[in-house]
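Listed in order, the protein sequences are those of chains A and B. Using the working numbering, you'd call the opening residue of the first sequence number 1 and step up by one each time. Using the working numbering, you'd call the opening residue of the second sequence number 137 and step up by one each time.
To be clear, the hints were calculated from the coordinates, so they are not data collected in a lab. Just so you know, these numbers come straight off a predicted model, no measurement behind them. A virtual CB, placed ideally from N, CA and C, is assigned to each residue, including glycine. One should not assume that every hint holds.
[To be verified] Here are the simulated SDA-like pairs of lysine to any residue, each with C-alpha atoms no more than 25 Å apart in a straight line:
no. : chain 1 : residue 1 : chain 2 : residue 2
1   : A       : K128      : B       : L169
2   : A       : K116      : B       : M137
3   : A       : K111      : B       : T173
[To be verified] Have a look at the derived ranges for each label pair, beta carbon to beta carbon:
no. : chain 1 : residue 1 : chain 2 : residue 2 : range
4   : A       : A24       : B       : I185      : 48 to 54 Å
5   : A       : A15       : B       : Y140      : 26 to 32 Å
6   : B       : Q187      : A       : A62       : 53 to 59 Å
7   : B       : I274      : A       : R66       : 47 to 53 Å
8   : B       : T250      : A       : K116      : 54 to 60 Å
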Amino acid sequence: MADQPRPFPDIAPSARTYTPGEYAQTEFKALNGATTVIRYNQRRSDSTLDLTFQHITDDQAASILRHFEDVNSDWNYATFSSTSGSVGASESLGKYIEESGGSGLRWRYDKPPQVKSIRPGISSVSCKFIGILDGN
Amino acid sequence: MAFYSGSSGYLMYEGTKAAKVQNWRFSSSLAVLDATTLGDRDRTSVAGIRQLTGSCRLFYYDYKSGSTAKNDASALINKAIKTAGEASEVVQFALGFVDENGQDKTITFDAFITAASMSLAVGEVLAADITFQATGAIEELSL
Chain A
1 MADQPRPFPD IAPSARTYTP GEYAQTEFKA LNGATTVIRY NQRRSDSTLD
51 LTFQHITDDQ AASILRHFED VNSDWNYATF SSTSGSVGAS ESLGKYIEES
101 GGSGLRWRYD KPPQVKSIRP GISSVSCKFI GILDGN
Chain B
137 MAFYSGSSGY LMYEGTKAAK VQNWRFSSSL AVLDATTLGD RDRTSVAGIR
187 QLTGSCRLFY YDYKSGSTAK NDASALINKA IKTAGEASEV VQFALGFVDE
237 NGQDKTITFD AFITAASMSL AVGEVLAADI TFQATGAIEE LSL
């Protein structure tokens, strides 16, 4: 069954970058400089979350790849918690990082995770997620 | 209980004990990889790559072993300094000393000689300073 939440593995990232996305709108700028904005939705969309996992074990890297397959093999979405993607963030910021504060956005992989082998048994992984406002 | 001094020490290369070694030293280090995560307040690391380097000083000394003329400083210098077209060689080193019970305490490894230097001056004995860096894992350790 599609559209199911898939918790991200409990691996703390070493770096995290979050952008809240933008509001769907079109701007018209008149010749006299006046700007008119047509807003199509009161919800933001296309938030982004970049996670970097530096020097983790190969088994942890494999669990991230399994999660990627689990989310994308059917149209599911990733969820994060204070022991995974939002670790170290306050509760208020964590709601944005997890998109669990009623935004309606669902995290999906923007592209496949990138795994870099460092030395036997040690890898670094970078993941990029996009918050999608589903049309249904 | 016993202390050890230079009289107990030796250096071997390619399985042969080198003559007129004035000193040897080695240093082993481990590079760590940062594995600190968000939420940590203390740095966390995982083990990276180990490296062993060392150096020795041998007098440039001519001697005979059986019927063969030998000069260990010259032999090691020729492992490091090559003419055109010659490839650099790996040398097996064993640095050690004999303990109070007559047992050998050694560290054995393959290494590349990374530097060789000599100088000649009035009032000094001609000697060669050799530095080396191990390649691969240590073969034997009984220190």
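Going through the hints against the structure:
The straight-line distance between the Cα atoms of K128/A and L169/B is roughly 23 Å, inside the 25 Å bound, and the hint therefore holds. Between K116/A and M137/B the alpha-carbon distance is near 51 Å, which puts this suggested pair outside the 25 Å criterion. With a C-alpha separation of about 23 Å, the suggested pair K111/A and T173/B falls inside the 25 Å cut-off, and the hint holds. Taking 48 to 54 Å as the suggested C-beta distance range, the pair A24/A and I185/B conforms, at roughly 50 Å.
For the pair A15/A and Y140/B, the supplied restraint of 26 to 32 Å is violated, since their beta-carbon distance comes to about 50 Å. Judged by the Cβ atoms, the range 53 to 59 Å given for Q187/B and A62/A is violated: they are separated by roughly 29 Å. The hinted range of 47 to 53 Å is not satisfied by I274/B and R66/A, whose Cβ atoms lie roughly 38 Å apart. Judged by the Cβ atoms, the range 54 to 60 Å given for T250/B and K116/A is violated: they are separated by roughly 29 Å.
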